[in-house]
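> Produce the complete structure using the sequences and hints provided.
Residue-level listing of the chains:
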Amino acid sequence: MPILDMRSATFARDQIIVPPVNITLDAGKQSDIVCETDLSASVLARLAAGVIKCTTGTIFIGNFDPKIQPVQVKRLVGFMPRDQARALPDPDAYFSYRAALWEVDKRQAIARGKRLLRRFDGLPAQEALLLAGALLHRPHLLVLDRPTSLARSAAEDASGEAALFAAYGPADRAVQIATAPLEMAVR
Amino acid sequence: MSTRAMRSAATFAIAASRARALWRLAILLIAGSALAGAAIQLIDPATSRIAANVLFTALVAITLAYANGDAARTDPFAAVEEAAPLFGRQRARANAVFPAAVVVGCAAAQYIWPISHASTFPWEAFVVNAAAALTALPIALSVPLRSRRNGVLYAIFALAAALLCASFGGAVGNSTQSDLAAVLASIGVAIMIGVLALRQYGEALARYDPLPRST
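Those protein sequence lines, which keep their order, are chains A and B.
So that you can map any letter, position 84 of the first sequence is 101 in my numbering, and since no number is skipped, the others follow by simple counting.
So that you can map any letter, position 212 of the second sequence is 221 in my numbering, and since no number is skipped, the others follow by simple counting.
There's no promise every hint is true.
As the list claims (entries may be wrong) - One side only, chain B facing chain A, incomplete, derived with CB under 7 Å:
1) 18
2) 22
3) 85
4) 91
5) 93
6) 94
7) 221
Hints were generated in silico from the structure; no laboratory data involved.
Yeah, the Cβ is synthetic: ideal placement off N, Cα and C, and Gly gets one too.
Right, dumping it as structure tokens:
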């Protein structure tokens, strides 16, 4: 059973933002996809994480439909948004906050978060924190919104058995090709 | 930890996140309410004074609801809420906790001047004022989720609901000649409208598809 199954999924608001996409990602596998615009990439990542719902087509995440079972979907997914925060939150407070939202034991979450931060030593602090936060509840699918090549590699190392999905914009693609070749998903 | 306790932890975490983002605005609004309350005491007759109190607190509720929505989009803590496994109604309740506490604080602050001069707290007026503001708040919380035009309509609707709550309380109080009846009537209207509006806000949050902020 695929962990992520997108069939002709689109997203539109006034105009089409994500054109029809077909992706099948099995458990433990990885997929990187380059979109035509940064907005398209960020929206595709949110579709894959169940944060927003597709306009047409279908998306199943771990056999759950995000339109009908959003809570079950979000338990399976770890989502790392593009780094946009204005201020760096205190790591302990941030992990406690995420532990409360994901119904994870607070002490265990802080301990795991700290271990992950040590592991992401070379990453910029903000990115390391966001990635550690996304992995805190041991997701089955890790979704990255336009990650840097460093964050992508760190996520691959740390995700373990979890499947990994990353969406890139056109500018990210140039950076990625220069640093690490991408596995292109079929659109 | 039980599931119920874990859910309460999520509510508390979101409310604390809003408090971290909005505490300065909250203090400003409470201080502004104390000053406005003193100015409103100069208005005569008493019915106009109560209407002015209610309108002011409802405007505070709308301002706070808008700031609350903005904090949910820009706060680094709140940025992950959309991806959290929470139902829309849970997020709605959690989002309303801090603004509701501040609005009640603002309603109370408006009577600091009367307390200092008459040494009695006009609790009936306070409860009616707070109930009216708590009627407006859940409606106003939807404002940031709407388009600009619909947002304005929601804000007007919130003001109208606050006035309805206070006038219904006033009408019941006049007809029964009982302050307690006025208070209970206002609370009843606040519960009826507030619960429905909060439920509707939760539905709106569940259906809302937030686009990335950089766009």
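> Does residue 221 (chain B) pass the interface hint, meaning its C-beta sits closer than 7 Å to a C-beta of chain A?
holds, 4 Å
> Would you check whether residue 85 (chain B) satisfies its interface hint, that is, whether its CB is within less than 7 Å of any CB in chain A?
Check passed: Cβ of residue 85 (chain B) comes within 3 Å of chain A, closer than 7 Å.
> May I ask you to test the interface hint for residue 18 (chain B) with respect to chain A, counting a Cβ-Cβ separation under 7 Å as satisfied?
With a closest approach of 4 Å, the residue 18 (chain B) hint holds.
> Please verify that hint: residue 93 (chain B), Cβ, nearest Cβ of chain A, below 7 Å or not.
Holds: closest Cβ of chain A sits about 4 Å from residue 93 (chain B), inside 7 Å.
> Close enough to count: is the Cβ of residue 91 (chain B) nearer than 7 Å to one in chain A?
holds, 5 Å
> Quick one, is the residue 22 (chain B) hint okay against chain A at 7 Å, beta carbons?
This hint holds: residue 22 (chain B) lies near chain A, its Cβ roughly 4 Å from the closest one there, short of 7 Å.
> Regarding the hint that residue 94 (chain B) lies at the interface with chain A, is the smallest CB-CB distance below 7 Å?
holds, 4 Å
Every hint from the earlier list agrees with this structure, and none is contradicted.
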